[in-house]
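Chains as they are written, first to last, in the working numbering: chain A, 1 to 280; chain B, 1 to 452; chain C, 1 to 323.
It should be emphasised that the hints constitute simulated quantities derived from the structure, not laboratory data.
Treat the hints with care, as some may be off.
[To be verified] Derived PhoX-like pairs: lysine-lysine, alpha-carbon spacing no greater than 20 Å straight-line: (1) B:LYS364 / C:LYS289; (2) B:LYS234 / B:LYS202; (3) C:LYS18 / B:LYS12; (4) B:LYS12 / B:LYS58; (5) A:LYS57 / A:LYS91; (6) A:LYS214 / B:LYS91; (7) B:LYS193 / B:LYS280; (8) B:LYS232 / B:LYS12; (9) A:LYS91 / A:LYS58; (10) B:LYS364 / C:LYS73; (11) C:LYS289 / C:LYS170; (12) A:LYS206 / B:LYS91; (13) A:LYS84 / A:LYS57; (14) B:LYS15 / A:LYS208; (15) B:LYS202 / B:LYS222; (16) A:LYS114 / B:LYS451; (17) B:LYS232 / B:LYS15; (18) B:LYS91 / A:LYS208; (19) A:LYS84 / A:LYS58; (20) A:LYS194 / A:LYS170; (21) B:LYS439 / B:LYS451; (22) B:LYS91 / B:LYS41; (23) A:LYS206 / A:LYS225; (24) A:LYS114 / A:LYS191.
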Amino acid sequence: MTIVHSILLLCIIGVIAGFALYFVAKKFKTDENPLYGEVESMLPGANCGGCGFPGCKKFAQMLVDSPSLEGLNCTAGGSETMNKIGEFLGKSVQKAEMRVAVVKCKGSCDKRPKTVNFEGISSCAFVATQISSDTGCSFGCIGLGDCERACQFGGIKINPETKLPEFDSKICTACGQCAEVCPRHIIELRKTNKKDMKIYVGCSNKDKGAVARKACTAACIGCGKCAKVCANEAITVTDFLAYIDPEKCKLCRKCVEECPTGAIIETNFPPRKKKEETTN
Amino acid sequence: MKTFHIGGIHPKENKLSKGKKIEIAPLPQVVTIPMAQHIGKPANPIVAVGDTVKVGTKIGESSGFVSANIFSSVSGTVEKIDFFPNIAGFKQQMIVIKSDGTDTWEDTIDRTDTIVNNMDFTADEIKAKITEAGIVGMGGATFPLGVKLSPPPGIVIDTLLINGAECEPYLTADHALMLEKAEEICIGVELLKKVLNVSTAKIGIENNKPDAIENMTKTAAKFSGIEVVPLKVKYPQGSEKHLIQALTGREVPSGQLPGSIGCVVSNIATTFAVYEAVEKNKPLFERVVTVTGTALQNPSNLLVRMGTSTADVLAAVGGIPENTAKVISGGPMMGKAIQNLDVPIMKGSSGVLCMTEEEAHRHKESNCIRCGRCVDACPMGLEPYLFYALSKRKMLTELNEHNIRDCFECGSCSFSCPAHKPLLDYIRLGKANVMQMIKKQEAEKAQQQEKK
Amino acid sequence: MLTVSPSPHYQTDTNTRKLMCNVLIALIPAFVFSIVVFGVSALISTLTAVISCVFFEFAISKWLFKDEEYSVKDCSAIITGVLLSFNLPNTLPLWMVVIGSLVAIGIAKMSFGGLGCNIFNPALVGRVFLLVSFPADMTTWSKVQDYGTIDGTTGATPLGLIKESIMSGKTLSQIDLPSMQDMFLGNIGGSFGEISVIALVIGGIYLLCTRTITWHIPVSVLGSMFILSGIMFVVNPELNANPLIHICSGGAMLGAIFMATDYSTSPMTSLGKIIFGIGIGVITIIIRKFGAYPEGMSFAILIMNAIVPLINKIKPHRYGAKK
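The shape of chain A in the complex, shown without the other chains (with noise of 0.2 Å):
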């Protein structure tokens, strides 16, 4: 009889309940633009914020609402994703251009030597408030990681050795999470082709070139020699410290020979036979 009683009355309590829950779905229902969700499903859902909105969600609600796809650009979907939702929209994508991140800084362990011996917590942005740097150079990466932290998709490896960031550009979205981070601001979207092929210069140093040169045996040391050597007026030196405009560039790689400290980086380019390659 027990059992009876006991399986009915949890049958009404199940019928309540049910009305219960239909009724306030029913009543709280709110309203919404049903491609809202579905040009949301279509993005990746990482919610890195590399496309300038807070979400996917709220960047969804934004393709759909503008008139055009102009200026709007999910980074970790890639233009595959872009296309799709284009297409799905009925409007027409911008062609984005490839960009990876690339840290400006080639300072290892065995070229940068250290100075002092800092004890503290691994943070960058701690370490910058705290000391100029514990190596001579007060410009480089301080290599304790809070641009692998920040990244979402887990492009970025400290390389125990090198204590720098290795960068995985297959796996990078040109968020700019990592570079917005860091305390010294050196890593930097670069422009970049199919191949990956890129050119740049992996030094952020700022001194007069003796002091650099003595802190770290790869900085830019400012002497020229790149802005020289380049056809395309690429490479402008400030503050003793060269730039390549990627934009001028034209991947000839002539910079990278002249170099005295090897500074300048290159990067998936065929072995150097070959001479005048030239791409894009």
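Got chain A sorted already, so can you dock chains B and C onto it with the hints?
Frame of chain A, contents of chains B and C only:
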């Protein structure tokens, strides 16, 4: 016995140079004088390379309201005006002067030992002299004294407090001054009283210095309206806010200056500098520095010229011990570890402390056991363990709600933690992030208002 | 090369292990007493609890957490073991002690993340687990052996006697309670570590002198128990025991001095600690008076442990706060 009410700790005192007479450090060959020895704007250099200067010649001109004049501490020629690393390694403008060895002083300075007690100056004259002499708070905060003595309109100062607590372990510079220069300090107090137009002043001294309390009480009896108050030994009694609470029972409201409750606090060394500036026309170019450390042969209280490099100061007491792993400018609780020994002595350097290899390193961290000792120790009544957790997770709004900005970084929490967590590191990080967030919010607000 | 670090450059010499060792030292008098009273069975039970607690913590941190540094080194597992065994009757089979240790370390401590992360006192969770799983074994106390010149007396605890007699309609004057002196010295029935008030108080004084604990929790627990039971005693001395009996019997002393003061599971601020202590005292007396169990200390502590995060919302007085 009086003391402040919330928190506090009892670190080992280690006052190795206690009772040592003030010795005069040998004249340095070269001095490197920073233009930023105070809080506020750095001074502007008013000499050029090659100029000849005397001791006490003004070489840096105050560049704003919160700024201070800088004076040469040796006689000789200006060698360089360039940017050199400061304690933390950041580059700052400094003037390098090569001494000619003659130690010629400016003629206006009274170099005799006679004690002058001339009270004929008006308040404004005294204030002008203090400002001109470039006097700043010499306890470590280095806030220009002239600014402190000019309260904004609407604020009435009714209490003058003199800080003789010297609660930092190891340091004895103020102690030595109170033993040897009691009368001068009292005249300095009288001068400050006249500037502020108050009738009484209280000198707070921790009772681990009974000889100083006795000497000061005896000397103060000769003056009217100077009271010496013994205080219970507790760190951080020398903090302005806590000295005020210990001596008057008042609390400085969160986010405000002592002036808002009618108090002005001046340090012993600063008060002595006031005496010298007003009665002897001597600008601030030298100070008493405690040079100490367990491995040091002869811990001393030295009278050092500003700009003398730390290496020279250590050489004066027998050289830097071999197993030194850390050199601190100031005391062990709030002092800063220096990066290289070329860093000069400045207006705020109360001590040079050498720590041996065994003392220098932090203990190993372990799990927080939530014992609550940091909460008991915090003199501001904050919750360091919470800041640690929130700062680690970057929960900035919550940090702000729990008043992280009230923290004045005394280090009591990190000191007392049995798990040896670097609590203060995380608090500093959290504070910096919160400040950034607030700045950002304010900028956004201003932008929105502009749009409207 | 100079070392540079942010201030402070001074740290206390105390560390977690030293604090834990202080607690262990403070437990020695009670431990010695338990061996004197119960003989070698106390030693075996305590050793079993300690070894199994340490083993479980080591095993979990090594094979589950894969820690490089084993948390066993901080001695906290030893304390859990000792306190657990102190809360067990001497007749308990050893395999139950091992199960209690597994629950204490595995469930109450390590599953929350180890030392400092647990919400509930591990030893008490182990004890209560055993109490609800094996109620008969956990409430059977054998007759106390003779020790020295004092005769062993009763098999049941004083609180058990009181509960039983009041349930059966007797008044207190009709039953034969042990004398105050016996209770104070520990010549009564009970678990290993809880019987001697004097040994526990000596340990408590040691903890206070070494500043391992503060006075707030022990005083507020015992004080609130005393006051509440005192009021009840004044109202009706026939049905309510003397307040002194309440604070000297059962787990009151052990709980107030050693269990409630566990760092991780007690509040941070002084005011919080007092509230926590009063809560424990009041709940204990309520359970003793109205509950089914004769003793409520462990339940009271666990209930208050659960409220600690709420108590921690009480802020300490802040310097310069706007009034």
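Here's how the hints hold up against the structure:
no.	hint	in the structure
1	B:LYS364 / C:LYS289	48 Å, violated
2	B:LYS234 / B:LYS202	18 Å, holds
3	C:LYS18 / B:LYS12	18 Å, holds
4	B:LYS12 / B:LYS58	41 Å, violated
5	A:LYS57 / A:LYS91	19 Å, holds
6	A:LYS214 / B:LYS91	16 Å, holds
7	B:LYS193 / B:LYS280	18 Å, holds
8	B:LYS232 / B:LYS12	15 Å, holds
9	A:LYS91 / A:LYS58	18 Å, holds
10	B:LYS364 / C:LYS73	13 Å, holds
11	C:LYS289 / C:LYS170	15 Å, holds
12	A:LYS206 / B:LYS91	13 Å, holds
13	A:LYS84 / A:LYS57	17 Å, holds
14	B:LYS15 / A:LYS208	44 Å, violated
15	B:LYS202 / B:LYS222	15 Å, holds
16	A:LYS114 / B:LYS451	49 Å, violated
17	B:LYS232 / B:LYS15	17 Å, holds
18	B:LYS91 / A:LYS208	13 Å, holds
19	A:LYS84 / A:LYS58	18 Å, holds
20	A:LYS194 / A:LYS170	10 Å, holds
21	B:LYS439 / B:LYS451	18 Å, holds
22	B:LYS91 / B:LYS41	15 Å, holds
23	A:LYS206 / A:LYS225	16 Å, holds
24	A:LYS114 / A:LYS191	33 Å, violated
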